[in-house]
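Chemist: Following the hints, position chain B against chain A.
So the protein sequences, as listed, match chains A and B.
In this text, residue positions in the first sequence follow my numbering: the first is 13, and each later residue adds one.
In this text, residue positions in the second sequence follow my numbering: the first is 32, and each later residue adds one.
Treat each hint with caution, since some may be false.
[Claimed, not checked] Rough simulated footprint, nothing fancy, chain A against chain B, three-plus residues with beta-carbon under 8 Å:
| id | stretch |
| --- | --- |
| 1 | 73-81 |
| 2 | 117-131 |
| 3 | 164-170 |
Since the hints were made in silico from the structure, they are not lab data.
Yeah, the Cβ is synthetic: ideal placement off N, Cα and C, and Gly gets one too.
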Amino acid sequence: MRDTSLEVKMGEEKNVSSRNIRRIILDQSKRANVGHIGCALSIADIIAALYANILHIPDPNHPDRDRFILSKGHAALAVYAALRLKGWLSEECLNTYCGDGSLLGVHPEHALKGVDFSTGSLGHGLSYGAGAALAARLQRSSRRVFVLVSDAECNEGSLWEAVMFAAHHRLSNLICIVDLNGQQALGYTDQVLNLSPMAERWKAFGWDVHEVNGQNTLEIVETIARLDITFGLPHVLIAHTVFGKGVSFMENQIKWHYWPMSDEEYQQALNEVEAML
Amino acid sequence: MRAAFVRTLVELAERDPRILLLTADLGYMALEPFSDKFPDRFFNVGVAEQNMVGLATGLAEAGFIPFVYSIVTFAALRSYEFIRNGPILHQYPVRIVGIGGGLEYGHNGASHHGLEDIGVMRVQPGITVIAPADYRQTRTALLASWDLPGPIYYRLGKDDKTTVPGLGGDFKLGHAQIVREGADLLIVAMGSITSEAVAAADALASQGVSCTVMVIASLNPPPVNDLVDVLTRFRLALTVEAHYLVGGVGSLVSEVVAEHGLRCRIVRCGVKTTPHGICGGQAFLHEMHGVSRQALVEAALKGLHGEPPRTPPDGEDPNT
Numbered sequence: 013m014r015d016t017s018l019e020v021k022m023g024e025e026k027n028v029s030s031r032n033i034r035r036i037i038l039d040q041s042k043r044a045n046v047g048h049i050g051c052a053l054s055i056a057d058i059i060a061a062l063y064a065n066i067l068h069i070p071d072p073n074h075p076d077r078d079r080f081i082l083s084k085g086h087a088a089l090a091v092y093a094a095l096r097l098k099g100w101l102s103e104e105c106l107n108t109y110c111g112d113g114s115l116l117g118v119h120p121e122h123a124l125k126g127v128d129f130s131t132g133s134l135g136h137g138l139s140y141g142a143g144a145a146l147a148a149r150l151q152r153s154s155r156r157v158f159v160l161v162s163d164a165e166c167n168e169g170s171l172w173e174a175v176m177f178a179a180h181h182r183l184s185n186l187i188c189i190v191d192l193n194g195q196q197a198l199g200y201t202d203q204v205l206n207l208s209p210m211a212e213r214w215k216a217f218g219w220d221v222h223e224v225n226g227q228n229t230l231e232i233v234e235t236i237a238r239l240d241i242t243f244g245l246p247h248v249l250i251a252h253t254v255f256g257k258g259v260s261f262m263e264n265q266i267k268w269h270y271w272p273m274s275d276e277e278y279q280q281a282l283n284e285v286e287a288m289l
Numbered sequence: 032m033r034a035a036f037v038r039t040l041v042e043l044a045e046r047d048p049r050i051l052l053l054t055a056d057l058g059y060m061a062l063e064p065f066s067d068k069f070p071d072r073f074f075n076v077g078v079a080e081q082n083m084v085g086l087a088t089g090l091a092e093a094g095f096i097p098f099v100y101s102i103v104t105f106a107a108l109r110s111y112e113f114i115r116n117g118p119i120l121h122q123y124p125v126r127i128v129g130i131g132g133g134l135e136y137g138h139n140g141a142s143h144h145g146l147e148d149i150g151v152m153r154v155q156p157g158i159t160v161i162a163p164a165d166y167r168q169t170r171t172a173l174l175a176s177w178d179l180p181g182p183i184y185y186r187l188g189k190d191d192k193t194t195v196p197g198l199g200g201d202f203k204l205g206h207a208q209i210v211r212e213g214a215d216l217l218i219v220a221m222g223s224i225t226s227e228a229v230a231a232a233d234a235l236a237s238q239g240v241s242c243t244v245m246v247i248a249s250l251n252p253p254p255v256n257d258l259v260d261v262l263t264r265f266r267l268a269l270t271v272e273a274h275y276l277v278g279g280v281g282s283l284v285s286e287v288v289a290e291h292g293l294r295c296r297i298v299r300c301g302v303k304t305t306p307h308g309i310c311g312g313q314a315f316l317h318e319m320h321g322v323s324r325q326a327l328v329e330a331a332l333k334g335l336h337g338e339p340p341r342t343p344p345d346g347e348d349p350n351t
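The shape of chain A in the complex, shown without the other chains (with noise of 0.2 Å):
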């Protein structure tokens, strides 16, 4: 069995942390002029909790590397300040951000080394997670995939169908984490399309089930190092966050799943990142 204690060692990779992704998100969303900022500030803690302390990648061509899929390709922003962060993507690249002839644009492309998985149609990512789950026990490896998926992405009915074939494999290196920050496109997810309670559904469906809090990172890193991935069901975390998290203005505020920033909003975020514990 793989060896966690190393993994629940907080700051081992200082650089890698939820404020220095909020700011490489405000920074870049802001000289791109785009938007998407909201759900990418919603992950931001459980990105900086995968990429600082989770994933074991040795290298991002590592073939026996951990997988991560960003089934919510569009806040891919959040993935790429990660990567940045790592070492692994340039200042120069990450400038590109959605640019002309940029490989980085607001959907991740596989093209881009740190991306497992090429993502923007939701519902597919943990189908390829789940693949990526039976290669690895195909092949005997420990490598584990994690999959981020958002809440309204349970919209997609593709996704249950990933989720019945991972329960019924007992795909138990499969890590699903649900952003579940309560609003998508056009509106809160309880009036578009009501998926609570979301853990009870992931229970009937016959997944080990664990509600966290998807703005502490501790919290996250311990609850995966406690999970058992040689054996038993997949795994979901349930990740309470909030939309626009850090940033009081966006904070679940629809509008901000699109909108790009003025110059006196995007100060004014920016102020409040760094004001963050």
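Modeler: Here is chain B on its own, set in the frame of chain A:
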């Protein structure tokens, strides 16, 4: 073709452990040679075609060569966006195997008729598209293509007995096969209906019309050079397919004619309308949609002797 495909896949799987077979709960009395021999490499994923292709994408990223199997409509259409975003855009070696192209599932009705699969696959530049004409060509085509680096779509028929006279199981990617030579008319056929096209050529021969019959199994890459070579020799070509008129072999031939400025008139024989709920066997449906051998003969004679083709702009007839 189905039995030939499974037999050949078993042979390949014995040699290469990367080969896996996934089915969306179809293939009863067909896939057992593989599932019995390689139970750990066979997965019935349930009735979930989108997930099947997504799984295959994840497996292929790790180095496997997954074959995913279902009836043409479910394999190609239900999971189409997964095929596009997964194997095609990642360029992974996933093999999508659609069974029962065209009207082979006759009585099962329109939900089971694969009439647009070649069209939707052919619009994607990143996927090899293969539609063998008989079971011998199925084997050859599989042996010639199974380990290509990118994705492949195979459109297979259910008939494991009929062979196309003169084909001899030949297949070469990016090429077409000429199975008989004649001077009066060119017939270009795709898929298992090719044997009907050859039968139509026989009937035409008895009426004094000699036909060249070309088989196109490699739809992508298309056999452009072979087509140009043969189309320059004819004034009229009949395309034959159990597929809607748009997107299949008739479209392919028309594209080649247009892009190369050839003076060959094309008569496309394929399915022109949705079936309006009318049920029947394959032969009945071929008749109903104008692709039976008799309908092909009539279309050929009408093309040759009916309304004359328009005179080329410069007034020269290329065939005189």
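Chemist: Could you tell me which of the hints above the structure violates, numbers in ascending order?
Modeler: 3
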